[in-house]
Every structure is written in C-alpha cells, then in structure tokens.
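Participant: Sequence:
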Amino acid sequence: MRSFVLVLGLVILSATQIFAQNGIQVRGSVTDTTKLSVPGASIKLTSDQGDSTLTAADVDGKFSFPAVKGKKIKITVTSIGFEAIAKRYSLDADSGLVVLDPIIMNFESNQLGLVTITAEANPVVLKEDTVEYKVSSYKVRDNAPIEDVLRKLPGVDVDKDGNVSAQGQQVTKVRLNGKDFYGGDLQAATKNLPADI
Numbered sequence: 001m002r003s004f005v006l007v008l009g010l011v012i013l014s015a016t017q018i019f020a021q022n023g024i025q026v027r028g029s030v031t032d033t034t035k036l037s038v039p040g041a042s043i044k045l046t047s048d049q050g051d052s053t054l055t056a057a058d059v060d061g062k063f064s065f066p067a068v069k070g071k072k073i074k075i076t077v078t079s080i081g082f083e084a085i086a087k088r089y090s091l092d093a094d095s096g097l098v099v100l101d102p103i104i105m106n107f108e109s110n111q112l113g114l115v116t117i118t119a120e121a122n123p124v125v126l127k128e129d130t131v132e133y134k135v136s137s138y139k140v141r142d143n144a145p146i147e148d149v150l151r152k153l154p155g156v157d158v159d160k161d162g163n164v165s166a167q168g169q170q171v172t173k174v175r176l177n178g179k180d181f182y183g184g185d186l187q188a189a190t191k192n193l194p195a196d197i
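Counting with my numbering, you get residues 1 to 197 for the letters of the sequence shown.
Please keep in mind that the hints were generated in silico from the structure rather than gathered at the bench. Predicted model, so just to flag it, every value in this text is computed and none were measured. Misleading hints may appear alongside valid ones.
As the list claims (entries may be wrong) - Pairs of lysine to aspartate or glutamate, EDC-like flavour, derived with a Cα cap of 20 Å:
| hint | residue 1 | residue 2 |
| --- | --- | --- |
| 1 | Lys87 | Asp48 |
| 2 | Lys72 | Asp51 |
| 3 | Lys35 | Asp101 |
| 4 | Lys179 | Glu132 |
Go ahead and model the full structure; you've got the sequences and the hints to work with.
Facilitator: In structure tokens form, the structure reads like this:
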C-alpha cells in the first residue's frame with residue numbers, strides 16, 4: 001500500500017511538472033452589459049514572465065489561450081464600440097485548465113458637441129389636383145418676371161411663346177395667394193408679374 005501511495009504521489013508530481021512545462025490552458029468569454037457575446041473582440045494576455053499573446057473572440061464571444069506560463073496574468077480586451085477593459089488573475093500552477101468568469105464590456109459613449117439642425121419646408125406641396133410651389137426656393141435675378149421662376153419649377157414647361165404646361169397639361173390661368181390675375185391672360189401675367197411678389 002505504501003508503494004502505491006508513493007507511485008500515486010510521483011504521478012501527481014509528474015503531472016504538475018508537465019503542466020508547468022506546457023503551461024496552463026486559460027479559457028474565457030466576452031459579453032456586453034446585456035449579456036450578448038462580443039464576437040471579434042481582441043484579447044491580449046500578458047503573463048508575469050513577460051510573455052504576451054493575442055487572440056480574438058469567436059462568434060460566441062469565447063476565447064482560449066492553450067499554454068500560458070506564469071502565475072499571474074493580465075487580460076486586456078478591446079472591441080470597436082466598447083470601452084477597453086483590463087483584468088488581472090492569479091493562476092493555480094497545479095491546474096491544467098482555468099476557466100475565467102465572463103468579461104463584461106461596457107458600451108463606449110461618445111458625447112457629441114453642439115449639433116444644430118436646420119431645414120427648409122419642402123418647396124413643392126401636392127394638394128389633390130393642385131401643385132403649390134414655394135417660389136422663394138427657386139432663385140432668379142432681381143426684378144425677374146414670374147415666367148423665369150416657372151422655367152425652374154419641376155414638371156413645368158414654358159415654351160418660347162410663353163405658353164405654360166404643367167405635368168403635360170396646358171395651364172390656363174395663374175393664381176397668386178388664391179387670386180386670379182390679368183383676367184385669365186396667362187402670358188400677360190407670367191411676363192409682367194415680378195417673381196418676388
């Protein structure tokens with residue numbers, strides 16, 4: 001019996017020496033604060049012996065270092081969109097495998113400076129069978145007639161004689177602010193009314 005205990009002790013001592021020579025396997029996982037995995041996170045292990053090894057988390061956020069030598073290690077984890085995190089661990093030299101608690105990464109928060117958003121109203125408004133245009137959105141020279149603005153409006157065509165068509169249909173009168181001008185004479189209205197009315 002005594003020889004059995006002696007042999008068993010030698011086997012355990014030999015196993016410890018083998019692990020010490022080959023190193024300890026270190027496994028872990030990386031998650032965010034919502035407990036979702038962080039695939040592709042970069043994990044750097046630095047041992048107290050000065051060794052440094054890099055790996056990346058797999059699609060499940062898991063990582064493994066197969067042969068870590070040393071008694072103390074530092075794990076540094078980085079990933080885009082997260083704050084970097086560094087943790088220190090002490091390893092049991094008699095253990096062949098160490099499974100770390102999940103490393104939880106915090107989302108990175110970036111404070112933007114003052115942001116000013118400005119917008120203009122849409123220059124074209126459709127109302128049933130009527131199209132309304134915001135004339136001030138279409139720049140023309142000073143004192144230009146309304147005809148110059150009409151030439152710039154989308155879907156509106158003005159021929160050389162001053163005839164106006166919109167969406168392929170002939171326009172027969174001009175209304176400004178709900179009022180008819182020039183008694184329905186379209187050419188007189190478009191050639192004489194100023195664009196900045």
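Participant: Each hint needs a verdict: does it hold in this structure or not?
Facilitator: Now for the hints, and whether the structure bears them out:
{"no.": "1", "hint": "Lys87 - Asp48", "verdict": "holds, 13 Å"}
{"no.": "2", "hint": "Lys72 - Asp51", "verdict": "holds, 11 Å"}
{"no.": "3", "hint": "Lys35 - Asp101", "verdict": "holds, 13 Å"}
{"no.": "4", "hint": "Lys179 - Glu132", "verdict": "holds, 14 Å"}
The structure meets every hint from the earlier list without exception.
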